[in-house]
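Undergrad: Here's the letter readout for the chains.
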Amino acid sequence: MLKSIITSLSRRLSTCLMIGLVGLSAGFAQAQEKSVKETIAAATVATTSDEQRELVLTLKLKPTPEAVTWLEKWKAGEIFLHDDGNGVITPVTLTGAEGQDGSFATLKLIDGTPYLAADGKPIVINPKEVEAAETDSGLRRAMKEVSDLVALADPDLAKRLRAIKDSAIGQKLEKLPALQQLRATEKDPDAIHALDESIAIIQLRSTVPAERIAACKKIAEIHSLTAYDTVKTILAEAEKAQDKPMIAAAGEALRSIEGHISRINAVGTAFRGLSLGSVLLVVAIGLAITFGLMGVINMAHGEFIAVGAYTTYVIQNFFADGLKLSPFGVSMSIPGLHLAGGANTYFVFALPASFLIAALVGIALERSVIQFLYKRPLESLLATWGVSLVMQQVLKFIFGSNNVQVSSPAWLSGSWTVNDVLFGWNRVFVIGFAVLIIVITWLVLNKTSLGLLIRAVMQNRNMAACMGVRTERVNTMTFAFGCGLAGLAGAFLSQMANVGPSMGQLYIVDSFMTVVVGGVGNILGTVISALGIGMSDQTFQQYLGNPVLGKILVLGAIILFLQWRPAGLFVTRSRSLD
Amino acid sequence: MNNQPFSSRVHLPILIVSAIVLLVVVPVLHGTGVISDYTLGNWGKYLCYGILAISIDLLWGYTGLLCLGQALFFTLGGYMMGMYLVRMAGGTELPTFLTMVGRTEWPSFFLPFSSFPFAVLMMVLVPGLLAYVFGFLAFRSRIKGVYFSILTQALTYGAALLFFRNELLMGGNNGFTNFDTMLGFSLRDVSTKRGLYIATAILLVAVVTLCKWLTGSRFGLIQRAIRDSENRVLFSGYATANFKLFVFVISAIIASFAGALFVPQVGIINPSEMETSKSLEAVVWVALGGRGTIVGPVLGAVSVNALKSWASTGATADFWPLILGASFVLVVLFMPKGIFGIPGQIRGLMAWLERRKQREEPSPPSRKPDNSPTPAAIDP
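Chains as they are written, first to last, in my numbering: chain A, 1 to 578; chain B, 1 to 380.
If you're looking for bench data, these hints aren't it; they were derived computationally from the structure.
Don't take every hint at face value.
Heads up, simulated DSS-like pairs for lysine-lysine below, C-alpha to C-alpha not over 25 Å straight-line [claimed, not checked]:
1. A/Lys-108 with A/Lys-34
2. A/Lys-34 with A/Lys-60
3. B/Lys-308 with A/Lys-551
4. B/Lys-45 with B/Lys-278
5. A/Lys-551 with B/Lys-144
6. A/Lys-396 with B/Lys-144
7. B/Lys-278 with A/Lys-396
8. A/Lys-172 with A/Lys-144
9. A/Lys-217 with A/Lys-187
10. A/Lys-232 with A/Lys-175
11. A/Lys-37 with A/Lys-108
12. A/Lys-34 with A/Lys-73
13. A/Lys-375 with B/Lys-144
Next comes chain A alone, as it looks inside the complex:
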């Protein structure tokens, strides 16, 4: 107790001495000429906290990252005040390794040189015994101001943007000059936009009415989302104060922001609808072949999707550390290639692999079951449901009943923001993938000899057989193609949904609805119906704020739609009855 009183007394004394020594007065003009460290060193030993604050605030004139580093050290208690016993206090930092008695060698804060006693011996201090420079809340606020300012000038654009956006919080008028100064020199358009936004938001609190109105106008012009709540408050205050011009300006700004929000929502909904539609399309396109073209009600379609997803899983592990499986009690292991960067490249190989595997399983199914059921569509529904049960169980036996982990390549994560609308990369990828699959399907059906045969057999089986087409083989190939597309869908879904033995069940109803609405036997119909269902699903969801209700409404809408067009969007015209 006594000791601390003495120290504090002697510090005050010594400070006076120090001030005299360095010839410092609190004048800003002089402070400007001093280095950052000098200022901070002076501040740490200043007598009153007001004085300390003023010194720290002088750093704002020359905001450098160095200042922030030292201020942080100060805050963290890493600057110690060494008293040489004669009342001279020197701010020092510790250096080197810890000595035997817990003491450290020291460096002078002011110039970073070793702190030596008069006899040239280095002075060691024990941090437990020597007082650290302290801070109080006012001082920390001042430090924050400095570091904010430094962040505003950060060369890293992302950090600078965050600092600019943060500066509007609290609407402190004193931050304006710094922002305006930055605005004059800033080159990056994003940063300029953010600066305008922050300046306008702060100016809403300006004491000059004209400036406040101008700020409202600016906000209306750039329809700033951040300003929404603030503008609302301002409008409420203006209404209370009966400030007519302010009410008009704030109301205008609010309407502009609200308009912008609804535009963003509309674009976002459309985008999400497009990507959902693409998912539906990818999932349903295989069914459009097997069900739409061939008339086989393949209830195991979902399981072919799962086969594709699991193939992706196996390929992923094959590229990495390998995989141990124990189907039916037989343990087997797939060796791993341990490829560097395999996590990013495996997917390229997984796509064709899942197509092939699913197509092979499809060939097996067609040869063993489906080929006997072409004339009995309802029974193909039942038999394939049995097949789907068996396939689910087999997948469970091989891979276990839990979901497996499939990681996405790095290039599928992240997003892209344009004008406040968020475009997730994976959604963009979905849309691109759907386009790719449509193009492939179209090419296969219209530009290859297999496609020609498929179309011939589907249009008139007997006539095609008479012309020498081996219809049985075409059936097998068509079915395999449809199943392969389902496998592709699975590879693709493994990137955005859970991969488990019964994952296929989630998509079966949706895929059938998509094909039925599109009109059986028409790929274009499937495309349009998938996009239509995706869009309406997202729109309902947006307006109802509830995904489940949205989905139910879509199902209802589909039933009503089929009242109007019982055979779907595109009808294959025929003179035959049934």
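Mind docking chain B on chain A? Use the hints.
TA: Just chain B now, kept in the frame of chain A:
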């Protein structure tokens, strides 16, 4: 194709004997302790499933409409009964599924369910009206075959999504449980359980009788004609849509009653009962038992479920879906008429072998060469 099913040879005496066994012998055996409570409960369940199977068969086997939404009607009936039972349970206290969503009193639509006759009325009206509206829309626009199946599946899927929501105030995914009394009898009493079993058996016998009569009448004839060639019936001047609508509504109500009797016996009702796979499973029973017959589906339902209770416990549990799926594929491929078709298939096979034998013998010159020794008799 032979419209008259092979199974028409099931004689009335056999039916009467089975009815007596189900109605009298089993309860008596239970009363004397030969049959355990557990077995009786299981049989009550199987019989409910049997009724559900008949309702599917009435649509699919006789009218050619494969409805994948019968589980929905079954569950709706179950929910109507469930609403009555939760009103009876727990006295004045609110059940947790209501307090959980912040309700402090019964929602108004629950109130009349304290009356049993009202609940029974709703078991008829709710599924009946739903079937009427959906069927009206579907048959009016001549949605048939596979499309009808897919649409009914979608309807069930949508309803399941709805019932899984807590906001519907129907218990969300937990559904209704913790039932206490029914018509003043405690559901825990052995005698109540036996009573429920007998009620189920009576309903089953009644439904079998009703469907036998219906399908044997002129109406049944038109029904089968619609199944085999709807356009011909239409062009003969029959409003096929109305016939189909009538059958659809009737079968929905039958399924609903099956569900209503199912709930007090198993003690719980939740939306997982209306998942799409449940309807398909019920269709399996019908296919396995023999569609286009009245007794076949009941036989299918009972045998599949008995097999399931036996197989889905213990070591074989993992293999149950394999067995079910594989047997289904085999039935569809090789036994299109199910268990009830087996005697007919055997007869067909015998006849075919007979003909082959005859052909191998030197035939009299007057006999025309038999040029149809196809296996069509086996697999029509």
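Undergrad: All hints are to be evaluated individually against the structure, with a verdict given for each.
TA: These are the hints, each one checked on the structure:
1. A/Lys-108 with A/Lys-34: 16 Å, holds
2. A/Lys-34 with A/Lys-60: Satisfied, since the Cα-Cα distance of roughly 13 Å is no more than 25 Å.
3. B/Lys-308 with A/Lys-551: 34 Å, violated
4. B/Lys-45 with B/Lys-278: Status holds; Cα separation ~15 Å.
5. A/Lys-551 with B/Lys-144: Holds. A/Lys-551 to B/Lys-144 sits at ~24 Å (cutoff 25 Å).
6. A/Lys-396 with B/Lys-144: 35 Å, violated
7. B/Lys-278 with A/Lys-396: OK: B/Lys-278 and A/Lys-396 at ~20 Å, within 25 Å.
8. A/Lys-172 with A/Lys-144: 13 Å, holds
9. A/Lys-217 with A/Lys-187: 23 Å, holds
10. A/Lys-232 with A/Lys-175: Status holds; Cα separation ~22 Å.
11. A/Lys-37 with A/Lys-108: Given that 25 Å is the threshold and the Cα spacing comes to 10 Å, the pair holds.
12. A/Lys-34 with A/Lys-73: 19 Å, holds
13. A/Lys-375 with B/Lys-144: It holds: about 16 Å lies between the C-alpha atoms, which stays within 25 Å.
Of the numbered hints listed earlier, those contradicted by the structure are 3, 6.
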